[in-house]
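Trainee: This is what each chain is made of:
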Amino acid sequence: MLTRRSTFKAVAGVAATAALGASHSAEAADQVVKIALEMSFTGADATAAVRAAQGAMMAIDGANAAKTVPGVKFEYEKFDDGTATAGQYDPAQGATNARKMVSDKQIMASVGPQMSGVGKAMSPILSAGSLATITPASTNPDITDPKFAAQYIPNGKPVYFRTVATDAYQGPNMANYMAGTLKVKTIYVLDDSGAYGVGLADAFQAQAEKKGIKVLGRDKLDPKAADYSAILTKIKSLNPDAVYYGGVGQAGIKLAKQGYDIIPNVIKAGGDGMFGADMLTGAGFPAVEGWYATQASPHVVDDPKLAKWSKAYSEKYKMGPDDYTVTSYDAALVIIGAVKSLKTAGKPITRENVRDAIHAAKVDTLQGPVEFDANGDLKNKVISVFQIKKNSDGPLDDPASQYKYVGVAPTV
Amino acid sequence: MTAGDLVLQQAINGLSLGAMYALLALGFTLVYGILELINFSHFNVFMVGSFIGLFVLHALGIEGQSVILSGLPLIGALALAFFVTMMTTGMLGVGIERFLLRRVRHVKGPAAMITSIGVSYVLFNVILLTLGADGKNFPNPLPPVQFAIGGAVLRLREILIWIIAIVLMGGLTWFVGFTRMGKAMRATAQDPEAARMMGVEVDRVVMMAFFVGSALAGAGGLIFGLYYNYTGAAVGFNAGLRAFTAAVLGGIGNVPGAMVGGLIIGLIEASGGQLIATEWTDVVIFSILVLVLVFRPAGLFGRVAPNKS
Amino acid sequence: MQAVLASTKAWVGRPFAALTVNQRKQLGLFALTAFIIVFPLVHDNDGDIDSMANAAAYATLALGLNIVVGFAGLLDLGYAAFFAIGAYYYGIFTSFQVMPIWSSFWNPLAAIGLVEKINQGGPDLVHFTLSFWLALPTAAVVAAFFGVLFGAPTLRLRGDYLAIVTLGFGEIVPIVARNADTLTNGAAGLNGVKAPSLFGASFGVDATPYYYVGMTMVALLIFISIRLRDSRIGRAWMALREDETAAATMGVNLVRFKLLAFAFGAAFAGMTGVFFVAKLQTATPEMFGFPVSTMILVMVVFGGMGSVWGVVLGAAILQLLQSWFLKDFSGWINALGDMVGSSFLSNLDLVPSMDLIFGIILVVMMLFRREGVIPAKRRAPLLNFEAQHAEVTRGGFVHLEKLPKWQPSAGNALEVRGVTVKFGGLTALNQVDIIVPAGGVVAVIGPNGSGKSTLFNAITGLVHADGSIRLNGAEILGLAPHEILDRGVARTFQNIRLFPNLTVLENVLIGQHSRLRTGAFAAIFRPPATNAEEAGALKRATDIISLFGNRLTPRKDQVVSGLSYANRRRVEVARALASRPKILLLDEPTAGMNPAETLELAEQIKSLHKLGLTILLIEHKLDVVTTLAETVMVLDHGEKIAEGRPEEVRRNEQVLTAYLGRAVREAVKAEAIAESEHAETVGAEALGAESSNVE
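Chains as they are written, first to last, in our numbering: chain A, 1 to 412; chain B, 1 to 309; chain C, 1 to 695.
Keep in mind that the hints were calculated from the coordinates and are not lab data. We put the CB at the ideal spot given by N, CA and C, even for glycine. Among the clues, some could well be false.
[Said to hold, decoys possible] In silico DSS-like links for lysine-lysine, alpha-carbon gap of 30 Å or less:
(1) C:377 / B:108
(2) B:108 / C:556
(3) B:136 / A:318
(4) A:390 / B:136
(5) B:136 / A:316
(6) A:389 / B:136
(7) C:377 / B:183
(8) A:210 / A:404
(9) B:183 / A:311
(10) C:610 / C:539
(11) A:362 / A:379
[What the hints assert, rightly or not] Here chain C is said to cover these stretches of chain B; the calculated rule only asks that three of the stretch's residues, wherever they fall, bring their Cβ under 8 Å from a Cβ of chain C:
(12) 95-104
(13) 112-120
(14) 186-198
(15) 269-283
[Stated by the list, open to error] Only part of the chain C face toward chain B is listed, based on derived beta-carbon distances under 8 Å:
(16) 75
(17) 113
(18) 116
(19) 156
(20) 161
(21) 168
(22) 172
(23) 175
(24) 352
(25) 356
(26) 359
(27) 360
(28) 363
(29) 370
(30) 373
(31) 483
So here's chain A without its partners, still in its complex pose (with noise of 0.2 Å):
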């Protein structure tokens, strides 16, 4: 089935060809696989959304310049979870779309979405309709977790896949490092109220107190709230060693400007939603300096490709990438990895085949070669360190230059 705009798009050329009466014949068809991006383009997430669907985007650009898969052409086609009614991410949206999605025959794979509980609305219409999606950003467990599999992928083979770690090893990791290697004693936990940020600091802190870490106190930010000075001005009292935030950057700038203050010798350290240029231009040097912040994915130094990749994007786009642009750029690469391995082994691309080859792909993308375990999860768990370092050398936001990488976080 033709979608709208397609339909409308080909009617209006044959009626402009029609009109100008000239003849035009179309190149030798290449094969049309669409890539649908399900992002929060409406409401608070909006920009984050933009940033990582141009990751996506630009992927998708380079495979088709490039002629990456031979025969075949990739589009795009945008999804918005974000809903008016919500003022964001909506889950009943995501699913919405994850019918339309089902219902349009081009879309092979999508890349997507955002948030955990758009995930947990989508996953389960994706499995009926056998069309793969590879999150670049959603990292609640549940959807992969096997438990819970009669739910999320009814159809029995995993749909979602991700090309980020999830909060059950992240967080974990992160504990062993600062037991291990920061050698902390006592510790404050807080998240930012959402699924991601309450997901990472509860790994963190149950393995935190299995590592002999005392645990002070565990709060909740609310993000849209102003002021943490109260609750700083008590962990201050309770004078722990250091701080975990499990959550992303809409607290985490104010976190790190209020801390900065009223906590500015205790150690801080947070996930991969800490990491960003979104800390660098919002919360800036001095406030940033020094805290931790982790990627779940392998370090490789002195990698000049992600720094080409980051100048290119920044270029392109005029914006500079974050951490979730590379995620998506990776789903997008995969994805295009997984066509090209169908086209080269000669099989006709079709959901189930790009699905099956999603799951079987091993792509070298940005973060790294990504391989997915059986349930849809990245197989490679290493979880890397960085420490905010300010380095005049390079751009004040980019993170590339900012963030120093300073270990591997241990798995025990």
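Using the hints, position chains B and C against chain A.
Mentor: For chains B and C alone, kept in the frame of chain A given last:
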């Protein structure tokens, strides 16, 4: 930190927060006192104010956290920033009143309030679409001076926010109490019809209330930015809602009540963060609001405006 | 060509022209139903069907909020809280979120299929397996309970305060959902919410069955909304929306009906919550925040507050716009851009501007079309000359046989003893005594500000008073206004307090509120007894209206705010009569009427008196007082300064001084103006003052 230090520190935190809510609450109270309208657009006039302050400071070359001023340049830069911000948001408020709310002012029912919700949506989204949703680094030109009081810390920015808040609130109290326009405002709040008959130009009074209220919201927005070194498109709702709660708590329409209400909410928020848990602070604030309204429907200090219905 | 067109039009139009309005409506409804049933069968995009199902959910929410805001006029800014309660109710009782340890206590519940025993390693656990079909009605009950719970503290609050408190509740519920993670799984969202099944087949992820359930719910709730609206319940809601005080004095129990509105609104939302979560199979706290409450309000406002079909259309348009059309529309603009080579149009994406577009819609609607897309009230047809023309009639009501005879009991109808009313430091009434004998007419006169209306307010329970007020010997002081009406005291107001946006007929029907018994259940199901009661009420209202002859009968379907001043006074009298009062309190009934109209009404009141009705009257026009009253009581500065027969009182020195002031009194004496003339003057002055208040 001893327990005493902790109490003192949280009191400092709470009073700073409260001062900001109070400035914002004044705008609600002025408009409500005269029009009996919950002006939701006020939320985002505050937000726009903090962005205008940001632009002014950027235009003066004050960006990021590294430009520190002191003495006359600091006072000059702040004075200019406050002047431009307050004038701009004041005019924004007047514009909203003159071209939109005035047309529905006399309509019975929630039409005016719904219009203000619509305006609030528009302001929020215009900023969101043009400047993005992510948080902005707000410059902090203040020198990092701080005073230790026991184990508690009092920073220059807290002193600054109190001084500015006191000056603005004092100015407002004088304006409402002693100027011709202020008297006209109070008269209009009591009985617009009678005020009109006594020669008060009600339209001008309403416009003035919007100007003053919005200018204060703009000042609040700028203070917000200076205090937190941060702003973003989403800052209006949370601060606005608490400020409105403060206004109701103090007795809406009651100018000193709004100030006290703001301080109370600020202190509740600080002690909530300390004693209960941050995630329940909103529940505490709204529960107190409900209790106050149930037992004292006119707020803690009573309404100045009579119930016209 | 044109002729062909015209004849085609006539040919097509003829069948429609022959139809009555009702038949056309039925035809429209039939076509709509057919379209809704057929749509999923012919449209193969499951996403669009899902959009429609979501639109159905928002339509039911809008219908619920319409009861609270549109019917009862209670501004609720936290309505999504009830949506959340229904959603989590179903989510928790069908998922694996809460699993207590199994004990024999659960056996009976397992027997009826509400729970099942499961084992995930470790002890046996309880898995709740609430059926979707059972959850729908029970969620309505649970949500209604919370509606009453949240509504109760807000009852004393008026408009804007109510709005802010409901906003507070609307904020609290998602916070609780986020933080009570053992119950709700917090921000991560519920896992494993069961899809509904019917006859053993699970709905699964296919949007179509949800679509049909959603549409059925909309149909059901439209039906309930309309039934409620057109009943005693709906009229009571609209009365309290229009004027709480007047509603209370007309017998509407404000507490009960406000809570009933909250309960119905919440029940609709609770049911929708079940439907929504069953469809989504997960729930996160973000789905129920302030923006959702605002958006439902926007849907109601956009569609038309109080208009059942309007709010459904409003919800459908706004929901489909954001989830379906806006993206397509962007696509068309882009395609147009590609065609004409405009890169601006090619890249224009309207979707992120959705919120902005909503804001603009809201403002534009408020400025230019406040009554919404489909207004709740249609304008009544214009009157023809004959209907507009009314002769002054003389001799009182002609068809009094239409009213039942009053049987005044022996003794005093009303005894007011030692009643004192204070407003802060001001004593508005001081130890006032009045006796109104059964079947008598007593007039209260006195200068402006002497406390006459306060006396009425004290009798009807609108102000707090000390002392004793007995109706036929039973104490009524301290009762709520609606209870006082119920016991037989009806009143009119000096400054006319009709329900301005309701019709004459509706106003008079509301007068009968406390004499009717229809409850919510009966209003919806309309058993024969209810139909009979409603028909009786209608007949009685029509009869009462017809007493005023040509003045009101042709206007009975007109909104009262459009009536002349005198006619509004007549409607107020009619509304009071409709409550079958034992005693009628008339507060300056002829104020603002010209002499002819005054005389007409005075005679009508007299005829009521002849019928046996007891009347207590405040009146400035002394000729009216003289015509009607047997006893006149004079108030000044809150004290009774004189009492007696009209002609006695008119000569009372103190009274004249109170009315005219000493200086004028001297002058009047000196010029020896005839009493009748000076009565006219006083009347004319009163008239002049009243008229300036009109409009």
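Trainee: Find the hints from earlier in the document that the structure breaks and name them by number, from lowest to highest.
Mentor: 7, 9, 14, 17, 18, 30, 31
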